[in-house]
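Let the sequences and hints guide you as you build the complete structure.
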Amino acid sequence: MSATPVIPIDRDRLQDSYRVVPPEPPTNIESGASTWTRKQPESVGRKILWEELYPVDEVADPKVIAAQRLLAEAIKAFESAFKEADEDVVAADDYVQSAQPLLAELFACRSVGEGFAAIINALSISLVNQHGEPISKKQIGLIARSLRELKSQLFLSYDSGLRLLREFKKSGLRIYPEVLQNLDLQHE
Amino acid sequence: MKEEREGEAGVDCVVVACVAERSTIPSLVKDKRLCHRVVCGYNIVFSALSPYTAMTIADFKLTQAAVESRHEDAYLLFDKTGVICRELKLKWPQSKLQEASPAKTVCRVASDSFTFELKQAFVLSSKPDPSLQQFSENAEWFFGLLHEQLEIGAYTRLGFRAIFKNQTKSHPEAVELFKRAKLLRMPGQRVFGTGEAASDLTYSARFQSETLGAHVRIGTETLHVEFEPPHGAEDILEPVKRETYSLVYDVDYYTLAIVDVAQLSLREWLKQAIHAIRRDSAEFLEAL
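These protein sequences, in sequence, are chains A and B. Numbering-wise, the numbering used here puts 184 at position 184 of the first sequence, and it's gapless, one number per residue. Numbering-wise, the numbering used here puts 253 at position 253 of the second sequence, and it's gapless, one number per residue.
Some hints here could point you the wrong way.
[Claimed, not checked] Computed spacing ranges between beta-carbons, pair by pair:
{"no.": "1", "chain 1": "A", "residue 1": "Arg-148", "chain 2": "B", "residue 2": "His-224", "range": "37 to 45 Å"}
{"no.": "2", "chain 1": "B", "residue 1": "Leu-237", "chain 2": "A", "residue 2": "Val-59", "range": "38 to 46 Å"}
{"no.": "3", "chain 1": "A", "residue 1": "Ala-108", "chain 2": "B", "residue 2": "Ser-111", "range": "35 to 43 Å"}
{"no.": "4", "chain 1": "B", "residue 1": "Ser-111", "chain 2": "A", "residue 2": "Arg-69", "range": "38 to 46 Å"}
{"no.": "5", "chain 1": "A", "residue 1": "Trp-50", "chain 2": "B", "residue 2": "Glu-151", "range": "20 to 28 Å"}
{"no.": "6", "chain 1": "B", "residue 1": "Ala-205", "chain 2": "A", "residue 2": "Asp-86", "range": "52 to 60 Å"}
Just so you know, the hints here were simulated from the structure itself, not pulled from any lab data. Where a beta carbon is used, it is the ideal one built from N, C-alpha and C, also for glycine.
Written as structure tokens, this is what we have:
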């Protein structure tokens, strides 16, 4: 008694046998992928703004919204400090002090991104390491510029964040907890 | 009350029930937003029996989703294609390399495909989850991998395309649904000596600012599916010959300005895109 022969099924051929016939005139049922290759409007060449890329706050991650709001406030404080730095060092330091609680709140949003976390972490520690001493005008300017950059590029990678950390370090900010100051770290 | 409603919506509406508890409304009518209103503490139910219930995006099923990025020439493609394919295989062991030429590589995982080329990359899902959560996760992972391996610094275009379908029993029914959206004025009399009835209706429009754009297409569609079992497999597989009819709402939402990779969380952007597509669907589909 012979066994029934098993017919090998060529899967590729089987797929070819599924014929999806476009109607006349053809619809774009099969063009889901190919439509992408069609000539599309060209890029305008300028960088998109945050508000243009993420226009709807209601559906955004609350941490992202909070980070944007807090960064705006912190930038304002550091910019005010920068303006006062030449005339009134105490007033400038007041503005810097007022930004410290904002940095603490930003620290709570660090899950937004690795670069974001690294920068906020470094800034928070730098200010703590001042032990009440005011930071220089150059340092205030650098922090304001870095926060502006972070606000427009919130999802900065860790590697890009390291570039800013190097700048902080170069400007004399002590970005590590005191017990770790002498460690040989990756971005040194 | 009837006149007010007619003036507002431009259709015949009939008050079919007055004084209904709010909790009973959902069981009375399908679309409570359009079919009832609260007057002096009472729910006045309109048009529950009318055939002219409004069409909303909820009547459509998301059947296809695709996200695409374009970038400057990523020459590292020629060095890193193998690494990317290996990572895809590690993440999805069941994935199949469908095409791998120097200029274009396509990897398939069930109903999803991942394509990367010198100037563009895209993820296409022909059976996306309705919330797009899984789709977003997959796309974010894939674009993250490309960014890392191909060292892409900025995208010249990001696009998200969603195709929704409202399947009907017949082509005339799809045509009728299209007409109800009142997107086109149809001829009132016989044209070209062919008859009054129009078929294969399509509405297409592009809305574009300096930095964002959307291309909307709404149309009737007939899909013919024909399957002949391969020679020798007739006893195992049944032949299939079927036609499906639907009204399609197809939107391509895209950016025109440069998007720095540090600005982009693809998951967040997709959330925004699908929200905009669903929200603004009312402008096209709910024209009753």
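Results of checking the hints against the structure:
In this structure the hint that Arg-148/A and His-224/B lie 37 to 45 Å apart at CB is violated, the actual value being about 57 Å. The hinted range of 38 to 46 Å is satisfied by Leu-237/B and Val-59/A, whose Cβ atoms lie roughly 45 Å apart. For the pair Ala-108/A and Ser-111/B, the beta carbons lie near 39 Å from each other, so the given range of 35 to 43 Å is met. Between Ser-111/B and Arg-69/A the CB atoms are about 40 Å apart, so this pair conforms to the stated range of 38 to 46 Å.
Between Trp-50/A and Glu-151/B the C-beta distance comes to about 23 Å, which sits within the given range of 20 to 28 Å. For Ala-205/B and Asp-86/A, the hinted distance range of 52 to 60 Å is satisfied, since their beta carbons lie about 56 Å from each other.
Hint 1 alone, counting from the list given before, is not met by this structure.
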